Amino acid sequence: MNNFQYSRASDVADAIRLLAADPGAKLIAGGTNLIDLMKENVERPSRLIDISRLPLRDIEETADGGLRIGALVPNSDLAYHPLIEQRYPLLASAILAGASAQLRNMASVGGNLMQRTRCPYFYDTTTPCNKRSPGMGCSALDGLNRNHAILGTSESCIATSPSDMGVALAALGALVHIAGRTGDRTIALTDFHRLPGDKPHIDTNLGSGEIITAVELPPQGFARNYSYLKIRDRLSYAFALVSVAAALELEGNAVSEARLALGGVAHKPWRSLEAEAALRGQAATPDHFGRAADLLLQGATARSHNGFKIELARRAIMRTLMQATSATPQSQSHKKIA
Amino acid sequence: MNAYVGTPTSRVDGRAKVTGTAKYAGEFTADGLVHGFVVEATIPRGRIVRLDTSEALKVAGVLDVLTHANRPSLADKDEAWKDEVAPEGSPFRPLYDDLIRFNGQPIALVVAEEWETAKFAATLVLVDYEQDGFATDLEAERGSASEMDKPHRPRGDAKGALAAAALRHEADYLIPTEHHNPMELYATTTVWESDGKLTVYDKTQGVQNVHKFLCAVFDKKPDDLRVISPFVGGAFGSGLRPQYQVVLATLAALALKRSVRVVLTRRQMYGLGHRPMTIEHVALGARPDGTLDAVTHEAVAVTSRYEDFSRNDTGWAEQLYKSPNSHFSHKLVDLDVSTPCDMRAPGAASGVCALECAMDELAVALKLDPIELRLKCYSDRDQSEDLPYTSKQLRECYARGAEAFGWARRTPAPRSMRDGKELVGWGMATGVWEALQMPVAVRIVLTSNGHAEVSCAASDIGTGTYTIVAQVAADALGLPIENISVRLADSALPQAPVEGGSWMAASSAHAVLGAAEDIRQELARLAKAMPDSPLAHLDAANVALVDGMIGRNGAAVSIADVMRHSNIERIEKEKLNQFAEDKSHARNTHSAVFAEVKVDEQLGVIRVTRVVSAVAAGRILNTKTARSQILGGVVWGIGMALHEETAMDHRFGRIMNANIAEYHIPVNADIHDIDVIFVDEPDDRINRLGIKGLGEIGIVGVPAAIANAVYHATGKRIRRFPITLDKLLD
Ligand SMILES: Cc1cc2nc3c(=O)[nH]c(=O)nc-3n(C[C@H](O)[C@H](O)[C@H](O)COP(=O)(O)OP(=O)(O)OC[C@H]3O[C@@H](n4cnc5c(N)ncnc54)[C@H](O)[C@@H]3O)c2cc1C
Ligand code: SF4
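Chains as they are written, first to last, in this note's numbering: chain A, 820 to 1157; chain B, 27 to 756.
Wrong hints could be hidden among the right ones.
[Stated by the list, open to error] List time: in silico PhoX-like cross-link candidates among lysine-lysine, alpha-carbon distance up to 20 angstroms: (1) B:Lys447 to B:Lys742; (2) A:Lys1155 to B:Lys447; (3) B:Lys742 to B:Lys753; (4) B:Lys247 to A:Lys1154; (5) B:Lys43 to B:Lys84; (6) B:Lys283 to B:Lys103; (7) B:Lys223 to B:Lys247; (8) A:Lys858 to B:Lys145; (9) B:Lys84 to B:Lys393.
Just so you know, the hints here were simulated from the structure itself, not pulled from any lab data. The model shown is predicted, which means the values in this text are computed figures rather than measured ones.
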């Protein structure tokens, strides 16, 4: 770990000022990802700007009936908040599928969205990695890539976004509120993370000097027919090989609205409007689910060790949609798959 | 009298551990303590051509950077570096020269006033290498394997019998590299005492091994240093040999004449020993009735280029299954990695896994129940030496385990049992380990207040040695266990070997009995000499120590009275217990392991919902700590079956999952019902108490039972461990 300065931001404007004053500065919230990366010398910030005490911890109802979640709400508080449990159980479920209780207690909403990939080469400064050191090459392309991306990859990077929470937020159509020197702006969560392209060192569309202040959920919560299914190498406390967030509105057995997002397969939570459109107006049957899965996985490509993910994702999508349809969502405490 | 032996006595050190007063090697401190941080090599093979420490030395608070170029002197003969359990070869010497032998090798130690300073300065040490060609891939280098000494004499003509066999099963089973990952990081605090002597607090499984090693490496007299390791937060074999941090901390203490602590990082722990990757090739030839004609087992294992680490992977069939022809071989492939080392049930965990999967495959081919096949081949003798066993209740393990598990309700066809969307599989396997015993000395000091201190250099690596020593001493001295204090793991205490191989329970218990017997004799002599002694007419050989008294059939005096009358404050006895070598019998522990898995048919997600482990391990000293040992072994076996794998990128010769977020071991969610059964196994031949020890047996057989259950559930035979869900998908 390198030496760094430490400042505590007094308010959001102060945090933005501090960021602008020092291009090497980084915000720190729960620290569960940033400190790890600093210990590995992957992140070497000149200054840490501590935002953990800023008043961004509220969960408030918005005028249109949605919810606005402060960027510093701890992951556990969010998962167990009554309004989330009742109206957005998909989000609660996805959060509880991630990390461990201790980590969720520390982790913040903003930090969770900004957490960096778990690609082992990214973490190891002795191996080439375009995300860590642009231009050095990608060790994963022909290396240990069993848990790498199958969608939206580039020849520069095949890393995945590790966030579970983000997958549910993508499915729910969440918005990200951002503050910066030039004022506030809002972008859709699905536009927040980038694909790697030829600039894999840039994970998101958050500008330098900007800070996430809140995440907003639209009114529609899909509280009846939803499920978050995470498939991993042990039954808890492991990153997703594949995860699926499914949310349906059903009229009888017909789908009137559908949301589907994948985790663990791409540089961002993976959604396809086409796949969702293919479900709308159709009967909630395996045939239609299979069609949606095909559309969602369109263009999936495998490297040497991650080919199984394509079939796994397909089966997981089918299963999650069944769980959502029958209103038997995957439990995150009982590990048997519903 | 057994008030304690055989009972579920709680750990005598339990309170100290859970309240944090038990101190571990990295927690000892001293005036002026400074901290060392290790700089590791980042290539697997080559030479250091430049090692620039100037920037690191400029950091305020940095005291020194030790390298091969500026270090104090270290022994130059291999013999000095060979510890008690070193394999053949030329042991690794940290900071000795400019050669790089494995990725992660220590190449410098930054010493600073604060640990964080040392850690930061370590990033400023600049190294240039001249890299040599290297190899780390066992499968790619399999062809270069060279044969070690035969683990067992071949019997008959295995090759011929195999070729002629009515039924043959032959396959490779691959066990990946695994790391021990004890919770406690390797750490040493070397204290520079005012008289220039050194007290070395080290995480180790053998303080006297480390003591002798350090004396040889640093050319010190035995009195110049002392090694202490009161508590060990898990080691599992990784602490049998002195690890490099003890050399570095001591080297730095000598260089700076100050107390130095070195704690390794989790990543650095992956540069220590490991369970070597092995390709286990097993071939079985059988007659249609299920009796065996031939068994061959060849293990091809990784070792380093500088030492030949090998274990007994292959010979276990000699103990388990009758066959007129057998052949075993152990081959090594030299790779650019650190030397492997023992890891819980070394050899057996891997080799028996392969053998027991192969037996399951044979049972399927013969359409025999897996237990029936094993009973058909059951061997009452150890065929390698043609010896009977001191005891072998393995049949009873099969019977009791099967009954507890409900094996009779199993339908044999694969994919024939299910529970909703999950396929259900029931599998079983046999476990076997040795019942070893080693010379151990124990000192007992009995004081007139009725307290006894029992001391020995043996370590308690978390297995419960403190507790069983206290139990045996309390019974032998006829005192309440609260009156016994146990001191362990100080090199100045009576002789003990490294704690490993499951030999410490039997070895230390009998040493306690020996010293206690000497105390009893002394007390008897004194008691008989008392005026009007109620023992006057009793034979000294027949009086016993019970409830703080010495005597027989009501004729007794209190120990306190005896000592007071004799004007004796303390009686001290030390006894070295040598087991008489008995070459007429084989000594083993056995188990039968039954596992239930539920596999999601579509997604391949595996849950191990039940395990029954029925163990025959002689007399159980403490049913509570013993059960814990078996539980731990079963959990680890689940990890071996489904999770554990050290992932090496062979292009870099570098381990890519050197942390316990990515190196998976089971978590709570992976563990369901585990039922431990201890089968009665009286054994008056093995030793006086009939003890066999059971640190290792708990893991043996578990991975195979699970793999066999996965086959039964899915019809898929996975021979490359771990069994991850992708292997079940197609
Ligand atoms: C062992 C382990 C297992 C894990 N398993 C999972 C898992 O299964 N699923 C999962 O989803 N996650 C998992 N995580 C990751 C965990 O969820 C993240 O570390 C956590 O959410 C990050 O939040 P934080 O507040 O601690 O972020 P920090 O570490 O404080 O910050 C992370 C990044 O976010 C930036 N940042 C923080 N707040 C803001 C803000 N308001 N605006 C702009 N930038 C900001 C920081 O500058 C930094 O770059 C795991 C982590 C660990 C260590
Ligand atoms: S996949 Fe991305 S993060 Fe991983 S090595 Fe390649 S460039 Fe780096």
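Evaluated hints:
1. The straight-line distance between the Cα atoms of Lys447 of chain B and Lys742 of chain B is roughly 17 angstroms, inside the 20 angstroms bound, and the hint therefore holds.
2. Among the hinted pairs, Lys1155 of chain A with Lys447 of chain B is consistent with the structure: their alpha-carbon atoms are about 10 angstroms apart, no more than 20 angstroms.
3. Between the alpha carbons of Lys742 of chain B and Lys753 of chain B the distance comes to roughly 9 angstroms, so the proposed pair stays at or under 20 angstroms and holds.
4. Restraint check for Lys247 of chain B and Lys1154 of chain A: the C-alpha separation of about 58 angstroms exceeds 20 angstroms, so the hint is violated.
5. Between Lys43 of chain B and Lys84 of chain B the alpha-carbon distance is near 41 angstroms, which puts this suggested pair outside the 20 angstroms criterion.
6. Distance hint between Lys283 of chain B and Lys103 of chain B is unfulfilled; the C-alpha atoms sit about 25 angstroms from each other, more than 20 angstroms.
7. A distance of roughly 10 angstroms separates the Cα atoms of Lys223 of chain B and Lys247 of chain B; the hinted pair therefore holds under the 20 angstroms criterion.
8. Distance check on the hinted pair: Lys858 of chain A and Lys145 of chain B sit about 9 angstroms apart at the alpha-carbon level, within 20 angstroms; holds.
9. Restraint check: the Cα-Cα separation between Lys84 of chain B and Lys393 of chain B comes to about 73 angstroms, which exceeds 20 angstroms; the hinted pair is violated.
Comparing the model with each numbered hint stated earlier shows that hints 4, 5, 6, 9 do not hold.
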